[in-house]
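Undergrad: These protein sequences, in sequence, are chains L and P. Each step along the first sequence adds one to the number in the working numbering, with nothing skipped, and position 64 is 64. Each step along the second sequence adds one to the number in the working numbering, with nothing skipped, and position 367 is 367.
The reader is advised that the hints may include incorrect statements.
Note that identical chains are pooled: a pair holds if it fits in a single copy or bridges any two copies.
As the list claims (entries may be wrong) - Under the rule of at most 25 Å between Cα atoms (straight-line distance), these lysine to any residue pairs were calculated in the SDA-like manner:
1) 346 / 370
2) 20 / 415
3) 36 / 337
4) 31 / 292
5) 186 / 293
6) 36 / 122
7) 36 / 333
8) 36 / 325
9) 97 / 323
10) 31 / 320
Source of the hints: derived by calculation from the structure; they are not laboratory data. Only a predicted model underlies this, so the values are computations on that prediction, with no experimental measurement involved.
Number of protein chains: 2
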Amino acid sequence: MSEIGIGLFGLGTVGTGVVKILQENAEQIAKRTGTKMVVKHAVVHNVNKTRSGIINTFPITDNPKDILENDSIEIVVEVMGSIDAARDIIKRALNAKKHVVTANKDLIAIHGQELVRIAHDNGVDLYYEAAVAGGIPILRTLTSSFTADEISRVAGIINGTSNFILTQMAVNHLSYAQALQLAQDKGFAEADPTNDVEGFDAAYKLIILSNFAFGVQPVLGDVNIKGISDLTDTDIQDAHQLGFAIKLLGVAERVDNAISIEVAPHLVPLDHPLATVHNENNAVLVNGESVGEIILYGPGAGELPTANSVLSDLTNVATDLALNTSGRPFNSFNQDLPLAKPSQRKARRFIVIEVKDTPGAMYSVTGIFASAQISFTDLKQSPAVNGIARLIAITHPASDAQLNVIKTTLKNADGINLRSEYKIFS
Amino acid sequence: MSEIGIGLFGLGTVGTGVVKILQENAEQIAKRTGTKMVVKHAVVHNVNKTRSGIINTFPITDNPKDILENDSIEIVVEVMGSIDAARDIIKRALNAKKHVVTANKDLIAIHGQELVRIAHDNGVDLYYEAAVAGGIPILRTLTSSFTADEISRVAGIINGTSNFILTQMAVNHLSYAQALQLAQDKGFAEADPTNDVEGFDAAYKLIILSNFAFGVQPVLGDVNIKGISDLTDTDIQDAHQLGFAIKLLGVAERVDNAISIEVAPHLVPLDHPLATVHNENNAVLVNGESVGEIILYGPGAGELPTANSVLSDLTNVATDLALNTSGRPFNSFNQDLPLAKPSQRKARRFIVIEVKDTPGAMYSVTGIFASAQISFTDLKQSPAVNGIARLIAITHPASDAQLNVIKTTLKNADGINLRSEYKIFS
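Next comes chain L alone, as it looks inside the complex:
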């Protein structure tokens, strides 16, 4: 049986998981792929750190050359994180004609095109299934099962940290601050949670999903991003009363012949499968003209689920090696689509407005919406508390451009405050 040597950059959570699966499932992997995959070397930042849970059958050093110039290593697994250092390592590995598997979403979202080109020039594989939605095999599914379909939308819960926080707020009635603290205690959120709760992590993943689903190559600035840190438990309760959960969704969709890419909290009907995606789990929904609606659900992070996605990349590299078919791009879909304009980005809306409880206040509010051509399907006014009434409305489809008119008008309106505004996902 042929042996494939693997070099690991990084022995953190995912790296350790990769070693564990390779060691524990060695026999099955050999049986099913016809090759023996062996970790030959790991390069880490701090060689003195204690590492538990893995049988240490390979040298661990801090010199990249120990892998990059090691002829017994055919595949480099990059799970060290960071952007610049990882980019440098991956470029050197590809140029040394080593196949590369990475879980680095930020890197692929920003420098993917450059790395794909270098892999192609060197005739080697570059796979990154683990970069999006942890254990969910969404990228390989998009590239192998929907090639003949026209995808109209890819959307989902692709940040486990924020979904954990929203679940705790909705189910256990924690405040945002309490839920964030719990996420941090459980290791789901970092000390500085910005990347997760402000939507940047989801935006990077959505960029990669857009590559595969639409063949486009957006940059971070092309994504409309709104996080969950402003969200209150009142919003969650109001939404729930109307039959919706609030979820942070990444949504990339075709609008006419353009593409809209957005990360924002959305209202999801309680009987929609996305509403039952709880805690740190992820789910990605794909709408195709032929297939209709498909959802892939699973763990969005974690040592072994993410490592399993790395392993699926490794077994695919092994198959390519056995068949002599290395060097094909992971995603071969490329096309140019313009970004959708605010006037094209339409959705039903959930809107909460606070008004001073004075005669004519509600008349002013409805007048502002009427002049922006936005009409309601549901409208609910709560009794005034401290002289402030709450108006909760669900609208017919309205565009971002129309909402911008409302926002501008309300900024100058006395005694009327736009408290919350979310799109409704359907």
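Starting from the known structure of chain L, fit chain P onto it as the hints suggest.
TA: Same frame as chain L, now just chain P:
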């Protein structure tokens, strides 16, 4: 650009869908696969039938030789249904060194091994993604993303007809007969619904799922099958009150070093994603040691979703042709596992017992369970109606062997009737 000729056996729902997608998405398919796929001929049973919705750019005849002996045809798509005739056609196609794509689950479940061997001997592809769960790309996912993982369970809602009936009973409070009638009116159920409602259709799909997930080759007699035709709206209401939906599930799971394969109505907790799979939709859940729990959700049938799965097979054949890698089996996982014994097949149970409302009746019932070593976690007695009280119980995990003891005892017990008994899925 190279052209690939396709011959179609069958122009029913799925066949028509295949032609539509090939015609409407021709440009995209050519761009993404680098090949032009063209239907060259269709063979049907009745050439005089009117066919709408497709542009007829190819001859339609009733002579199989028109495809099988046509040198311009490289891929045969079998969507004519039936077992014996389809088996004959596919064997002849494979032996004529034509690649075959089929959606025929019964055929693959029964004669899959034989056909796989013939395909291998002829160095051609045999793909059948559409045979299981319509538009959901579960087979390709199992074979390409979980090769390195040890799967412990594959389960799901894999019969759309029965799920439609159960949904209508639960949500719209129809009786079983009314729900079946509605399914027939909508074209989801056939005039003779046996195959769907008695679990045979799901059993065939579960056999194929077991091939891919566990490498085993069960026959229909290895599957424990119970359908939904005995199920009453009272069962559904009782289950709902305790926080469960009732779903017809196919469940194949490893138990120690054996395999248990079962199709039966199960109770699913209302907050479990499977409980939100409504009407004709399907969902397949995979538990892997590394990946944890993954669910793929989508349309389980329908013209275009199922046709999209055929198309994903076609584009994979095209890729194999371009790379000169044809002839690899769709599923390469093979191993022998014994069937689990009734004593190994354990689950929590939902049990409904009717007892004559006499002193000591409940004492007898609880005594019977105690002597079978089955204990309860929840127990609820309803007030007697016409002298008959209902006892609804949820048990700790109990084996099929223990339940068989109960059933035998109750058969001989006076005034005690086991009304319903379902496993609880978790």
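Undergrad: Using 25 Å as the alpha carbon limit, work out where residue 97 and residue 323 are close: within a copy, between copies, both or neither.
TA: both (17 Å within a copy, 20 Å between copies)
Undergrad: Under a CA distance limit of 25 Å, which applies to residue 346 and residue 370: within one copy, between copies, both, or neither?
TA: within (17 Å within a copy, 61 Å between copies)
Undergrad: For residue 36 vs residue 337, is the C-alpha pair at or below 25 Å within one copy, between two copies, both, or neither?
TA: between (43 Å within a copy, 24 Å between copies)
Undergrad: Is it within, between, both, or neither for residue 31 and residue 292, if the alpha carbons may be no more than 25 Å apart?
TA: between (36 Å within a copy, 22 Å between copies)
Undergrad: Since the copies are identical, ignore which copy is meant and state whether residue 36 and residue 325 lie within 25 Å (CA to CA) inside a copy, between copies, both or neither.
TA: So residue 36 and residue 325 pass the 25 Å test inside a copy (19 Å) and across (21 Å) alike.
Undergrad: What label fits residue 186 with residue 293 when the C-alpha limit is 25 Å: within, between, both, or neither?
TA: Cα proximity of residue 186 and residue 293: across copies only (20 Å, versus 33 Å in one copy).
Undergrad: How would you classify residue 36 and residue 122 at a CA-CA limit of 25 Å: within, between, both, or neither?
TA: within (24 Å within a copy, 28 Å between copies)
Undergrad: At most 25 Å between alpha carbons: which applies to residue 20 and residue 415, within, between, both or neither?
TA: For residue 20 and residue 415, neither the intra-copy (61 Å) nor the inter-copy (57 Å) Cα distance is at most 25 Å.
Undergrad: Checking residue 31 and residue 320: alpha-carbon separation at most 25 Å within a copy, between copies, both or neither?
TA: Both: 16 Å inside a copy, 22 Å across copies.
Undergrad: If the cutoff is 25 Å on CA atoms, where do residue 36 and residue 333 land: within, between, both or neither? Let me know, please.
TA: Result: close only across copies, 16 Å inter versus 32 Å intra.
Violated hint: 2 only; the structure is consistent with all others.
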